[in-house]
Amino acid sequence: KAGVTQTPRYLIKTRGQQVTLSCSPISGHRSVSWYQQTPGQGLQFLFEYFSETQRNKGNFPGRFSGRQFSNSRSEMNVSTLELGDSALYLCASSFASGGGYNEQFFGPGTRLTVL
Amino acid sequence: GDSVTQMEGPVTLSEEAFLTINCTYTATGYPSLFWYVQYPGEGLQLLLKATKADDKGSNKGFEATYRKETTSFHLEKGSVQVSDSAVYFCALSATGAGSYQLTFGKGTKLSVIP
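If you read the sequences in order, they're chains A and B.
So for the first sequence, the working numbering puts the first residue at 57; every next one is plus one.
So for the second sequence, the working numbering puts the first residue at 42; every next one is plus one.
FYI, nobody ran anything at the bench for these hints, they're computed from the structure.
Mixed in with the good hints, there may be bad ones.
BS3-like cross-link-like pairs, simulated, lysine-lysine; straight-line CA separation at most 27 Å [claimed, not checked]:
| hint | chain 1 | residue 1 | chain 2 | residue 2 |
| --- | --- | --- | --- | --- |
| 1 | A | K113 | B | K101 |
| 2 | B | K109 | B | K147 |
| 3 | B | K97 | A | K113 |
| 4 | B | K101 | B | K118 |
| 5 | B | K109 | B | K90 |
| 6 | B | K118 | B | K90 |
| 7 | B | K97 | B | K118 |
| 8 | B | K101 | B | K90 |
| 9 | A | K113 | B | K118 |
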């Protein structure tokens, strides 16, 4: 089975621009979560999608948004980029059958640099 | 809210030394606990997990026991190898309301020297 894939792997943008990151989960997985990783704040939860619905959201401004498609692929968008948005953005997928914990499998991440 | 506190590194050990990375948590209810490992340039890999009190997770020589009384989940390995050099994250998941959000510690960078 192919793992979680994220595109692009690297991205350079300037302040004020917007960016879209893509995540393809493992086949059959219905839950996709996004995390931001920075040296200062560590790993922080952005949001989780399940069957095209946002099920949970972290404490991030409205500039950060996401969506999930019917094939479970997910995108996250950041508008009006700020220098502080420079980070590694990780996507994780889970089968999410309900009840108890379903292991989350992480992709390699997209490294976003904002200049 | 939920939180995870782990010892911050970096930690440098000689090959075959004993490893302990401390992790304590604060959460309501009964969270599941995890250790993830991140190798340079890669995403996170699940190293081990425990879903209830007194469970011991183990994998690749690493072990951690879910201690509810001390709210801890310390990671141990009896003899580290150079290939264990990575960043280790302790995490919890409070799986209420059908969401699998993970709350992570800050990470501990381990370097093992020959």
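Verification of the hints:
no.	hint	result
1	A:K113 with B:K101	violated (34 Å)
2	B:K109 with B:K147	holds (21 Å)
3	B:K97 with A:K113	violated (31 Å)
4	B:K101 with B:K118	holds (9 Å)
5	B:K109 with B:K90	holds (14 Å)
6	B:K118 with B:K90	holds (15 Å)
7	B:K97 with B:K118	holds (13 Å)
8	B:K101 with B:K90	holds (13 Å)
9	A:K113 with B:K118	violated (35 Å)
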